[in-house]
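K.L.:
If you read the protein sequences in the order shown, they are chains A and B.
Its first residue numbered 1, the first sequence is counted upward by one per residue in this note's numbering.
Its first residue numbered 348, the second sequence is counted upward by one per residue in this note's numbering.
One or more hints might be untrue.
What the hints assert, rightly or not - Listed next, the in silico BS3-like pairs over lysine-lysine satisfying Cα-Cα at most 25 Å (straight line): (1) 479(B) with 426(B); (2) 646(B) with 636(B); (3) 608(B) with 645(B); (4) 42(A) with 461(B); (5) 42(A) with 181(A); (6) 645(B) with 366(B); (7) 307(A) with 42(A); (8) 479(B) with 42(A); (9) 42(A) with 480(B); (10) 426(B) with 42(A); (11) 479(B) with 461(B); (12) 608(B) with 561(B).
As the list claims (entries may be wrong) - Chain A is nowhere near these chain B residues, computed Cβ spacing over 10 Å in every case: (13) 361; (14) 402; (15) 403; (16) 427; (17) 428; (18) 433; (19) 453; (20) 515; (21) 548; (22) 550; (23) 561; (24) 603; (25) 607; (26) 614; (27) 621; (28) 652.
Just so you know, these hints were derived from the structure itself, not from any lab.
None of these values were measured; they are calculated from a predicted model.
Beta carbons: idealized from backbone N, C-alpha and C, even for Gly.
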Amino acid sequence: MANPAVYFNGLFSGRLNNSRWLKGIINTTARQPGPLGIMVRKEIADHIRSWRFIVLLVLLLLTFIATMYVSLTNLQAAVANENDPDRLFLYLKLLTTSDGSLPTFHIFVSFLGALLGISLGFDAINAEQNNGTLTRLMAQPVYRDHLLLSKFLGALAIVSALFLSLSLLMIGAGLLITGVKLEPEEFFRIMGFVLLTVLYVGFWLALSILFSVKFRQATTSALMAIGVWLFFTIFYRIVISMVVKGFFPDPVYLSEADVLWYNNLLLDLLRLAPSQLYTDATTTLLMPSVRSLGPLTVEQMAGAIPKPLPFRESLLIVWPQVCGLVAAIAVCFALTYYWFMRRELRS
Amino acid sequence: MEQPIIELAGLTKCYGSLKAVDRLDLQIRPGEIYGLLGPNGAGKTTTILMMLGLTEPTAGVARVCGINATTHPIAVKRKVGYMPDNVGFYDSMTAIDNLQYIARLSGLPEDEVKNRSRDMMELVGLGDAMHKKAGAYSRGMKQRLGLADVLIRQPAVIILDEPTLGIDPSGVKDFLGLIRQLSREQGITVLLSSHHLYQVQQVCDRVGIFVGGKLLADGDVATLSRQLFSGDHFVTSITLAAAPPAEWDILPALQAMAGVKAVAVDGRTIEVSCSHNITPDLVRFFVGKEMDIMGVLKKEYGLEEIYQRYFDNNITDHEKDGKSSGLFQRTFFRKVKQ
Numbered sequence: 001m002a003n004p005a006v007y008f009n010g011l012f013s014g015r016l017n018n019s020r021w022l023k024g025i026i027n028t029t030a031r032q033p034g035p036l037g038i039m040v041r042k043e044i045a046d047h048i049r050s051w052r053f054i055v056l057l058v059l060l061l062l063t064f065i066a067t068m069y070v071s072l073t074n075l076q077a078a079v080a081n082e083n084d085p086d087r088l089f090l091y092l093k094l095l096t097t098s099d100g101s102l103p104t105f106h107i108f109v110s111f112l113g114a115l116l117g118i119s120l121g122f123d124a125i126n127a128e129q130n131n132g133t134l135t136r137l138m139a140q141p142v143y144r145d146h147l148l149l150s151k152f153l154g155a156l157a158i159v160s161a162l163f164l165s166l167s168l169l170m171i172g173a174g175l176l177i178t179g180v181k182l183e184p185e186e187f188f189r190i191m192g193f194v195l196l197t198v199l200y201v202g203f204w205l206a207l208s209i210l211f212s213v214k215f216r217q218a219t220t221s222a223l224m225a226i227g228v229w230l231f232f233t234i235f236y237r238i239v240i241s242m243v244v245k246g247f248f249p250d251p252v253y254l255s256e257a258d259v260l261w262y263n264n265l266l267l268d269l270l271r272l273a274p275s276q277l278y279t280d281a282t283t284t285l286l287m288p289s290v291r292s293l294g295p296l297t298v299e300q301m302a303g304a305i306p307k308p309l310p311f312r313e314s315l316l317i318v319w320p321q322v323c324g325l326v327a328a329i330a331v332c333f334a335l336t337y338y339w340f341m342r343r344e345l346r347s
Numbered sequence: 348m349e350q351p352i353i354e355l356a357g358l359t360k361c362y363g364s365l366k367a368v369d370r371l372d373l374q375i376r377p378g379e380i381y382g383l384l385g386p387n388g389a390g391k392t393t394t395i396l397m398m399l400g401l402t403e404p405t406a407g408v409a410r411v412c413g414i415n416a417t418t419h420p421i422a423v424k425r426k427v428g429y430m431p432d433n434v435g436f437y438d439s440m441t442a443i444d445n446l447q448y449i450a451r452l453s454g455l456p457e458d459e460v461k462n463r464s465r466d467m468m469e470l471v472g473l474g475d476a477m478h479k480k481a482g483a484y485s486r487g488m489k490q491r492l493g494l495a496d497v498l499i500r501q502p503a504v505i506i507l508d509e510p511t512l513g514i515d516p517s518g519v520k521d522f523l524g525l526i527r528q529l530s531r532e533q534g535i536t537v538l539l540s541s542h543h544l545y546q547v548q549q550v551c552d553r554v555g556i557f558v559g560g561k562l563l564a565d566g567d568v569a570t571l572s573r574q575l576f577s578g579d580h581f582v583t584s585i586t587l588a589a590a591p592p593a594e595w596d597i598l599p600a601l602q603a604m605a606g607v608k609a610v611a612v613d614g615r616t617i618e619v620s621c622s623h624n625i626t627p628d629l630v631r632f633f634v635g636k637e638m639d640i641m642g643v644l645k646k647e648y649g650l651e652e653i654y655q656r657y658f659d660n661n662i663t664d665h666e667k668d669g670k671s672s673g674l675f676q677r678t679f680f681r682k683v684k685q
């Protein structure tokens, strides 16, 4: 080690403070980001440099290109379909058309988005703890919740940038290929779709951060998050159908109103799954002619003209879904907060 | 007396029924180097975490620089640099990036961050390796990087938890020398916890012996030694050229010497406990009996004997806690200072 006297010249003395004070007066415009800003920046840099993110990015890009290819090849037929009230929304058609060989992009995202959220968050806190960086970080003058927030916001910033650029790419490519003008309504709907997707990924992110606080091992928390995801995508429907078979009366002996009531109950049960909320909401936003997410009676449909709804009406239909997603994120985040804030930090 | 910079009053921490720290009272003056000694599991780290507000005490108050660490942890952390016992870094970032990240977090102005972190790396002797990934660092290098990490914030108090763990002997000497020099030149208060007694003895002004959550002794090494062993025997051990026979005729004469309390024969070595220092008389006695003396040692009490004495008194309480006693006895070298 070198002689410290050389380097510590004036470092700990009052002279330094004076010079800093002077600089502060001269250079008042340069604003320094707060601790949260610095932490979020570091998180984003970490994600971008990690292999995990590159793999996910490639996966998502491949999905995007494949679905775009399928929808572009079938676009002509879809737009020419006289029976479809949505046929004139070209850019929405780009996102929702498929010939059945591949699911559409928003269905894909309901699977992949979960995976994206989980993989960005499952080792957020426990990796720091196992590496011994957590105590070091917490010994700095920063609040504990800044760490949680930086993990969440950092990953969310990446996800938003990703989906926003993907959808803008799609719009740009659509403009180049078809030459059709983009209607403001379509633009808002696509932006709504992006926002919903970010919220949806945010839910899985919040859930996986929750597990990363709860479980010390990164593998355990990843497994738990994937377990929850698998449960909701595969087993939840099976469980619901078992419940229906076991407890619901035979519809043959029921009045129409009762059938409707049971149907709504069934839908509400299904909507406990976040992926259901997401698909409901995106379907409504991307297909303007969708009027209701539940069954409609003949009386309700009487006199209705098969015409696309305005953007505001579609938004009103999906509002409960959006609220549900936000609430789910808030619950996960609150639990994470509760467990992390007063916990003993030891490596 | 000056206002103490670290003041612990009745500090208690319980984990369920286990009392990790039991009504600890401790005062550390500014500019002092204080060594907290104790076996593993004695509650050293818990105490340190409570000083930083990272753990809430069950009872009592920890004040650092006059600030209550439990209620105002951020203000305390601004003034205290803490190096945890197994300090970790972001392996995918370079060492200097790690350092700059911490420097920015602690609120160093952006235009100073680069220069200061470079200076710090040079200071701790990592100037050549600063652009290496932190994951490629050895344990000792990480420890040095940890010190740079603590110093870059210009703290008033440095708390080091097991700072010499994993550094080679010459590195330890440099490391402790640097800490001592900084403390003397800049008036930084240093609190270090360790179980490497010999090293602590070299560098600390004052030590506290901490066993089972209680501070058993507090003071400088000389005072502690006097207090403990004042009523004790002086022990001189004499090594002879040949082992004495089992039926040794001069033994009664030796025992009859003035001041001799006990004689123990172990092979060629004879240990004589006396009420005062009679080493010259003993040598004369053996020479007069025409025995060849190969070596004479007068035992002195260093920190390790002090520590051992305290530890022996408490070992019964800790037998149930296998971690502390078993590991302790294997890890600690018990070199007799001669």
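K.L.:
Does each hint fit the structure? Answer for all of them.
P.N.:
For each hint, the structure was consulted:
1. 479(B) with 426(B): Measuring from Cα to Cα gives roughly 29 Å; hence the hint is violated.
2. 646(B) with 636(B): holds, 24 Å
3. 608(B) with 645(B): Answer holds: residue 608(B) to residue 645(B) is near 15 Å, not above 25 Å.
4. 42(A) with 461(B): holds, 16 Å
5. 42(A) with 181(A): violated, 40 Å
6. 645(B) with 366(B): violated, 40 Å
7. 307(A) with 42(A): Not OK: residue 307(A) and residue 42(A) at ~49 Å, beyond 25 Å, violated.
8. 479(B) with 42(A): holds, 18 Å
9. 42(A) with 480(B): holds, 16 Å
10. 426(B) with 42(A): Holds, at about 24 Å.
11. 479(B) with 461(B): Within the cut-off at roughly 16 Å; holds.
12. 608(B) with 561(B): violated, 34 Å
13. 361: Correct as stated: the minimum Cβ-Cβ distance to chain A is 12 Å, above 10 Å.
14. 402: violated, 6 Å
15. 403: Residue 403(B) not clear of chain A: closest Cβ-Cβ about 7 Å, inside 10 Å.
16. 427: Non-interface label on residue 427(B) violated, nearest chain A Cβ at 8 Å vs cutoff 10 Å.
17. 428: At roughly 8 Å from the nearest Cβ of chain A, residue 428(B) sits no farther out than 10 Å, so the non-interface label is violated.
18. 433: violated, 5 Å
19. 453: violated, 5 Å
20. 515: holds, 13 Å
21. 548: holds, 21 Å
22. 550: Residue 550(B) is indeed farther than 10 Å from all Cβ atoms of chain A, at 15 Å.
23. 561: Residue 561(B) is indeed farther than 10 Å from all Cβ atoms of chain A, at 21 Å.
24. 603: Per Cβ check, residue 603(B) is outside 10 Å of chain A; nearest 57 Å; holds.
25. 607: Holds: least Cβ distance 50 Å, greater than 10 Å.
26. 614: holds, 45 Å
27. 621: holds, 46 Å
28. 652: Given a closest Cβ separation of 32 Å, the condition holds.
Violated hints, listed in ascending order, are 1, 5, 6, 7, 12, 14, 15, 16, 17, 18 and 19; each of the other numbered hints is respected by the structure.
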